[in-house]
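**Student:** Using the hints, position chain S against chain V.
If you read the protein sequences in the order shown, they are chains V and S. So for the first sequence, the working numbering puts the first residue at 1; every next one is plus one. So for the second sequence, the working numbering puts the first residue at 1; every next one is plus one.
Any given hint might turn out to be false.
[What the hints assert, rightly or not] Residues on chain S that point at chain V, a partial pick, calculated with CB under 8 Å:
1. 338
2. 437
3. 530
4. 637
5. 642
[Claimed, not checked] Some chain V residues near chain S, calculated using beta-carbon distances under 10 Å:
6. 327
7. 338
8. 445
9. 529
10. 559
11. 638
12. 646
13. 649
None of these hints come from the bench; they were simulated from the model. Positions of the beta carbon are idealized from the N, C-alpha and C atoms, including for glycine.
Protein chains: 2
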Amino acid sequence: MLPRGRPRAMGAVVLLLLLLVVGFFLFGRDPEYGLGTTATLDEKPYGSRNRSASSSQLLLPSKCEVMLHVAIVCAGYNSSREIITLMKSLLFYRKNPLHLHLITDAIARNILETLFRTWMVPAVVVSFYDAEELKPLVSWIPNKHYSGLYGLMKLVLPSILPLSLARVIVLDTDVTFSSDIVELWALFDRFSDKQVVGLVENQSDWYLGNLWKNHRPWPALGRGFNTGVILLWLDRLQQTGWEQMWKLTAKRELHTLTATSLADQDIFNAVLKEHPNLVHPLPCVWNVQLSDHTLAERCYLEAADLKVIHWNSPKKLRVKNKHAEFFRNLHLTFLGYDGKLLRRELFGCPNQFPPGAEQLQQALAQLDEEEPCFEFRQQQLTVHRVHITFLPHQPPPPRPYDVTLVAQLSMDRLQMLEALCRHWPGPMSLALYLTDAEAQQFLHFVETSPVLSARKDVAYHVVYQDGPLYPVNQLRNVALAQALTPYVFLSDIDFLPAYSLYDYLRASIEQLELGSRRKAALVVPAFETLHYRFSFPNSKAELLTLLDAGSLYTFRYHEWPQGHLSTDYSRWREAQAPYRVQWSADYEPYVVVPRDCPRYDPRFVGFGWNKVAHIIELDAQEYEFLVLPEAFSIHLPHAPSLDISRFRSSSTYRNCLQALKEEFHQDLSRRYGSAALKYLTALQQSRSRA
Amino acid sequence: MLPRGRPRAMGAVVLLLLLLVVGFFLFGRDPEYGLGTTATLDEKPYGSRNRSASSSQLLLPSKCEVMLHVAIVCAGYNSSREIITLMKSLLFYRKNPLHLHLITDAIARNILETLFRTWMVPAVVVSFYDAEELKPLVSWIPNKHYSGLYGLMKLVLPSILPLSLARVIVLDTDVTFSSDIVELWALFDRFSDKQVVGLVENQSDWYLGNLWKNHRPWPALGRGFNTGVILLWLDRLQQTGWEQMWKLTAKRELHTLTATSLADQDIFNAVLKEHPNLVHPLPCVWNVQLSDHTLAERCYLEAADLKVIHWNSPKKLRVKNKHAEFFRNLHLTFLGYDGKLLRRELFGCPNQFPPGAEQLQQALAQLDEEEPCFEFRQQQLTVHRVHITFLPHQPPPPRPYDVTLVAQLSMDRLQMLEALCRHWPGPMSLALYLTDAEAQQFLHFVETSPVLSARKDVAYHVVYQDGPLYPVNQLRNVALAQALTPYVFLSDIDFLPAYSLYDYLRASIEQLELGSRRKAALVVPAFETLHYRFSFPNSKAELLTLLDAGSLYTFRYHEWPQGHLSTDYSRWREAQAPYRVQWSADYEPYVVVPRDCPRYDPRFVGFGWNKVAHIIELDAQEYEFLVLPEAFSIHLPHAPSLDISRFRSSSTYRNCLQALKEEFHQDLSRRYGSAALKYLTALQQSRSRA
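Chain V on its own, in the form it takes in the complex (with noise of 0.2 Å):
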């Protein structure tokens, strides 16, 4: 285990290797093996013993003016899934604005900008800064840490915040918060005027250098300091020349030193060592340290209250521990607290709405609750947090005729992921509507899953839960936006491609030359069986013969034959080549378009039609439908879902998708003018048949 933290800024490659290295010994990582008994952190080492009221000789600033600046690095999927928990925490206590400042690779940011801008968290700046920009400044530094260059470009942040800033709190992605910051920010009061850098003493013997026969830790004052919580006073360090400093330390005794093994840490306590001057020593419960045999319950049990929990054991919450539970049930909270909670103002505090949210509160304020289509107004209406990758992934190399597989899902579809995979060995992009502890359970069910845990070419995009109805079109715009190849399948999630589905599109969107020559939406046929266990057919002739055995049938040939009526199952039957077929009313198949197409029509929440208006769109963009002779996908049996239960049961239901078709077909009227007529037409007969 590890005596310290550190943003684990692993990308998915070395997240491997570390899984695939036995023990962490190759990484010179085990500091405490063999610790002493004999060495004892103080008695009362920083701890307030008594509890006397946490903060009484501080006083806190007031609750607007002041704002708290934080800086985090952070790289890689599983940090940027991982400081979200953290900054869950932080959020549940602080009362004052934040400004964070995260420096972040391509990855982070991509996610953590997505991630922030749905949020919507009143009172939080986050600017970002390119860590690849600082790699220069530390990649002369041999390190041995896990982190790789991520931990020791905590020691140029001085350089790099802008000049303004005078003092910053820095942060490892695996601390938890069980207090409010402020009562940290306030611990700068307490800085001498020569102190710089306020930091928790390590809890683990590893600076003693008596753990094992020839074990060399780097210089450091007694058992050192953890630089997973770090106040920096950034002037003052900069009139000291912070940069020479630790610069000319770090040269000095990389002559001795092969490398850093505990990476910015081993450096922090060199210069502190030199300079004992320049340190604050903080309380412990501001840096509770869970490494495997971490002494920190000598700081916990004296301790009336713990603020920060830092998870430093590289196993993390399974790390053994006589209070674990304890520990784990705090990071729990977190884990699995619903994020959009969080969006809470702060009482007289002006300006604190980032953009968007003032005029999107406005817009839900106007609603009338006494309609009936309310629940429809206010899903339309709401802005979902949304998780881009949320496990690692690997892009797909770029390919000219490649399709993503695009499709949504929520927590009672997980059990067809596997069989998805096996079915399609190409790229997906999925979106999952789930609750933050379900996204947990869902991170579970993967990591448990040899066969999904295999495949890193499917990206997961994870849509948080809010509101009664099913946002069905914002899930399936969320995955066909993150899709990376130039061809999308747009399929659903109870769908089984064929197996050779994803070759023969390539191959037939090569052929067709789609997307240079032709607009297109390639049509893959749908057929659906009634039976739990079924033998999938292996080719067009099989299917066939299971159609006509009556094991299989056309897709809601039953209950909704027009949906797939164009598609002209009987032509199928005999095609050779592709056909080309029209648009009719309710037509919705499943097809093949660029990833160009148009997206799809937000305003369908719940059951019913959001395919429709879809494909509607792609005809009146004059898409050519053209049908795949080879092509075939198989639905497989399922219980109704809510949605559609609710559809069949409420006619408030049904009057409201009534309405939203026809507010669809008035824009739709009002973009394509004469040429929206037929779709209009179609329309008013079936609502005259119905």
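**Tutor:** Only chain S this time, still in chain V's reference frame:
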């Protein structure tokens, strides 16, 4: 709206009445209509304006030594639900041991005893007091408040709580904590020698008496005090002659005022008007009153920190308020909070564990995480929090042949409930496996469904989710234990019974003289349809026609015929009278049995063998299996569950199930001796076939 809160001690009847009544004037309950603007709250009531550490003057009691006492009056189903959110917020922030004194009616006691027993929160003691016994003490007071007599019971707390108890905090059920209750407790230390009761000023103008013409409130000091949060110094109250005092005041005022409008609050205020030296005014942040036209903003905009939010509008979370979103988010935080995360110890405090918790923890700690069936072992040991009768419920009248449908479900089967209600007009006992957040969605689902909200004979028992495997038999046992009729129909949620089944079963039970003469399990033959839309047969004849047409099958005919082989469907086609069948391997019919039948074996978690084991148990206990000739129920299609998918795809899962089966058989042999041999033989035969 109401200017104060009450424990909303309403049974279902009172709730219904309230819903039916148009407006609150009938109760004289809307004091703020016509609210004048002349009266103002003090500029700085008791909130501290500056953000100097909030409790800077307080020496907080040390965490272990001081047991905090909290008294709450709680009656009926809805208050029992409400109090849990209060408890979660209280437990989240507390760091001291708590002793809860709950004054409950029989309904609330039943619910809360089960809940706290299964919640197993360390360092919480719960004592119950029978509200029925207190009624005579306050029933002489005419009272127009919707809380009925329960509100008034706060007046007699000093006489009923143990004499050893010096001080207590009294709370209404509709408050939410956003801070540590120890800070409130510490305010006792600010009482002068004479002060006996601590209260927050009322944040409305009700007691000023200028709200409308002829508005005659009870006497009060200025705006009076709100009794949603009370600090009671019990021994001093006794010494002061509290009982005499409030009775005298109440009787005197009742000469001129016909009744209390705000129950105990009127009387508290009248007493304090007369004896102002008895009251210690508390800072307004300890009872931020969100009535509809509250003046609370004057408190909270000034305050650094809100401590307790009081939802004292009958609209509760739907109250209109500029900052409603902020307060709602605080409340929703705990509404959806996973209560099991509060099972966390208090550091360094001895003897905190509730009965059974320590043994359970030890058993869990002894499990080997590396063992392949670890997840199964862990799931079997898990004690789930159980909230019985989550919604208002009318127990069925005692009828000798009545039968309750027993089933269990999770969120993805909610859409079955309405159909089930249409098919089964009798009582039901349903266990729902939900997260805390889903329980709220479920509540919303029932409230917005006319079919479900009309049915008061359906009891819903929420079992809170914990762990990756569906604890199917634990759920069944919860539903079974709560069935209140002499017989139960043990069904599954995906089955719809014949429309006539409820009547037919009762008639059959009577005719067959079940229970008294025969120990029998009545078999209801099971069928299945593969179609989403399906016209349910009205009779056996219609069912047979559908069966012959291939629209229906006998249940799991394709996948698992042995499950219902013994039912002998061909005999059933022709049968005119009940016929006896013999057990055979893997038999798992749906049966009607006396309520005191054997429980399901909770070791079977996830998919597989959960019903089979129960039927073996019935057979071993010599229940006759009698197939009913006119009974049937039909399974509707749904997607395979996550558990069945895992069963199919994971050999470990299948091996673990096999291990469970073998352990079950060992236990069976131990209990039934050689009589259990036939089950073992059957198991061995099936294993050798596999």
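**Student:** Which earlier hints can't be squared with this structure?
**Tutor:** none
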